[in-house]
Amino acid sequence: MTRAFVPALLAVLFVLAAVFYLIPGVTHPLVSDSPTAIHVKHAILFAGLAVLSLVWARFAANATR
Amino acid sequence: MSVVQALWLAVLQGVSELFPISSIGHTVLIPRLIGWDLDQQSPTFLPFLVALHLGTASALLCFFWRDWLAIVVALIRSVARGKLSTDPDERLGWLLVFGTIPTALLGFFLESRLKALFAAPLAASVFLICNGFIMFAGERLRRRQPAAAGQPRAGRDEGLGLESLTWRGAVLIGLAQSAALLPGISRSGSTIVAGLLLKLRHEPAARFSFLLATPVILAAGLLEVPSFLTPEGRPLLGLAIVGGLLAGVTAFLSVKFLMRYFQIGRLDPFAYYCWAFGALSLIVLTVARR
Chain A
319 MTRAFVPALL AVLFVLAAVF YLIPGVTHPL VSDSPTAIHV KHAILFAGLA VLSLVWARFA
379 ANATR
Chain B
15 MSVVQALWLA VLQGVSELFP ISSIGHTVLI PRLIGWDLDQ QSPTFLPFLV ALHLGTASAL
75 LCFFWRDWLA IVVALIRSVA RGKLSTDPDE RLGWLLVFGT IPTALLGFFL ESRLKALFAA
135 PLAASVFLIC NGFIMFAGER LRRRQPAAAG QPRAGRDEGL GLESLTWRGA VLIGLAQSAA
195 LLPGISRSGS TIVAGLLLKL RHEPAARFSF LLATPVILAA GLLEVPSFLT PEGRPLLGLA
255 IVGGLLAGVT AFLSVKFLMR YFQIGRLDPF AYYCWAFGAL SLIVLTVARR
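As they're listed, the protein sequences go chains A and B. All letters in the first sequence, in the order written, are residues 319 to 383 by my numbering. All letters in the second sequence, in the order written, are residues 15 to 304 by my numbering.
Check the hints yourself; a few may be wrong.
[As the list claims (entries may be wrong)] Label pairs and their in silico Cβ distance ranges:
| # | chain 1 | residue 1 | chain 2 | residue 2 | range |
| --- | --- | --- | --- | --- | --- |
| 1 | B | 270 | A | 327 | 44 to 52 Å |
| 2 | A | 362 | B | 99 | 42 to 50 Å |
| 3 | B | 90 | A | 350 | 30 to 38 Å |
| 4 | A | 362 | B | 279 | 37 to 45 Å |
| 5 | A | 362 | B | 286 | 51 to 59 Å |
| 6 | B | 270 | A | 323 | 29 to 37 Å |
| 7 | B | 90 | A | 330 | 20 to 28 Å |
| 8 | B | 134 | A | 321 | 31 to 39 Å |
| 9 | B | 298 | A | 380 | 18 to 26 Å |
| 10 | A | 380 | B | 87 | 14 to 22 Å |
| 11 | B | 275 | A | 362 | 31 to 39 Å |
[Unchecked claim] So, partial list: chain B residues that the calculated Cβ filter (under 8 Å) puts toward chain A:
| # | residue |
| --- | --- |
| 12 | 91 |
| 13 | 118 |
| 14 | 122 |
| 15 | 123 |
| 16 | 126 |
| 17 | 127 |
| 18 | 235 |
| 19 | 237 |
| 20 | 267 |
Since the hints were made in silico from the structure, they are not lab data. Cβ coordinates follow ideal geometry from the N, Cα and C atoms, glycine included.
Next up, chain A with everything else stripped away, as it sits in the complex:
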């Protein structure tokens, strides 16, 4: 298992979370109002975390070479 596996996996999870918050009609946790509405800000937050995780994966992959 390379060092890049964990951040890459995190990136995938964050992308899934971002998509999840864009699905209407589903109860979204960690929101302050309208749990079944689309939550664009939450999606942006998790997308940002996904990007950071990908950057981390890139650094980790280079570190193992």
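Position chain B against the provided structure of chain A, taking the given hints into account.
Then chain B, alone, in the frame of chain A:
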């Protein structure tokens, strides 16, 4: 909200966002103390607040534009290479990223809950007094700290520069910034105190505080830009733009003053101010309630 109220709020925001005296505390307290009947939670107020945030963030970007340009270029190069280098701008950029993450996460999930609980004038006045204690205690603790290796004892303003700040330190400062989610606790005050306790000198602690605040304030503004497009927001658009510009000008002048002040100055005067204003507010609000 009248034009006069809007302009005064813009000036208040521009000054108090950067001075370590709590912008949320002042924007909650002062309108109540002078009898302005403003509903700051209403959808019509939000676009105005967004504009003030964008104005403040723009001022910080303008003041530190050389730093931000160097940091962004260094970060892009770092990501493209996939390796860290010894470039100080790159290092500072990653420290800012590390410091921003805790604030972003905590602010995102806790801000509305904390505001609902504590965005009342009485609570804000109590937290403002606490803010004073944070800064006073921070200065006292710093002076008692043992000196960093090879450095004189932390006295008037001996200490370290940003090159000594570690990843862990950046995260700790980011967590300290999250304390400002409580109305009455100052973002800049808590982050500068955290920097001082990490043995930074006042000026680099303040510089890191303002750099760290920029993406958070900018994001808080940008994420709410769609509020300008709502039926409630459009009528306020003109006033919001003027308010944003005024907040930006006052914020620029504030950060210019503070960066000079912290070359030799300390947080004590701000602590005394927070105690005085917080206590006065508490007394006035308590008497008014009876």
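Hint by hint, here is what the structure shows:
{"no.": "1", "hint": "B/270 / A/327: 44 to 52 Å", "in the structure": "46 Å, holds"}
{"no.": "2", "hint": "A/362 / B/99: 42 to 50 Å", "in the structure": "30 Å, violated"}
{"no.": "3", "hint": "B/90 / A/350: 30 to 38 Å", "in the structure": "35 Å, holds"}
{"no.": "4", "hint": "A/362 / B/279: 37 to 45 Å", "in the structure": "38 Å, holds"}
{"no.": "5", "hint": "A/362 / B/286: 51 to 59 Å", "in the structure": "41 Å, violated"}
{"no.": "6", "hint": "B/270 / A/323: 29 to 37 Å", "in the structure": "47 Å, violated"}
{"no.": "7", "hint": "B/90 / A/330: 20 to 28 Å", "in the structure": "24 Å, holds"}
{"no.": "8", "hint": "B/134 / A/321: 31 to 39 Å", "in the structure": "48 Å, violated"}
{"no.": "9", "hint": "B/298 / A/380: 18 to 26 Å", "in the structure": "60 Å, violated"}
{"no.": "10", "hint": "A/380 / B/87: 14 to 22 Å", "in the structure": "20 Å, holds"}
{"no.": "11", "hint": "B/275 / A/362: 31 to 39 Å", "in the structure": "36 Å, holds"}
{"no.": "12", "hint": "91", "in the structure": "13 Å, violated"}
{"no.": "13", "hint": "118", "in the structure": "7 Å, holds"}
{"no.": "14", "hint": "122", "in the structure": "6 Å, holds"}
{"no.": "15", "hint": "123", "in the structure": "6 Å, holds"}
{"no.": "16", "hint": "126", "in the structure": "4 Å, holds"}
{"no.": "17", "hint": "127", "in the structure": "7 Å, holds"}
{"no.": "18", "hint": "235", "in the structure": "13 Å, violated"}
{"no.": "19", "hint": "237", "in the structure": "5 Å, holds"}
{"no.": "20", "hint": "267", "in the structure": "31 Å, violated"}
Of the numbered hints listed earlier, those contradicted by the structure are 2, 5, 6, 8, 9, 12, 18 and 20.
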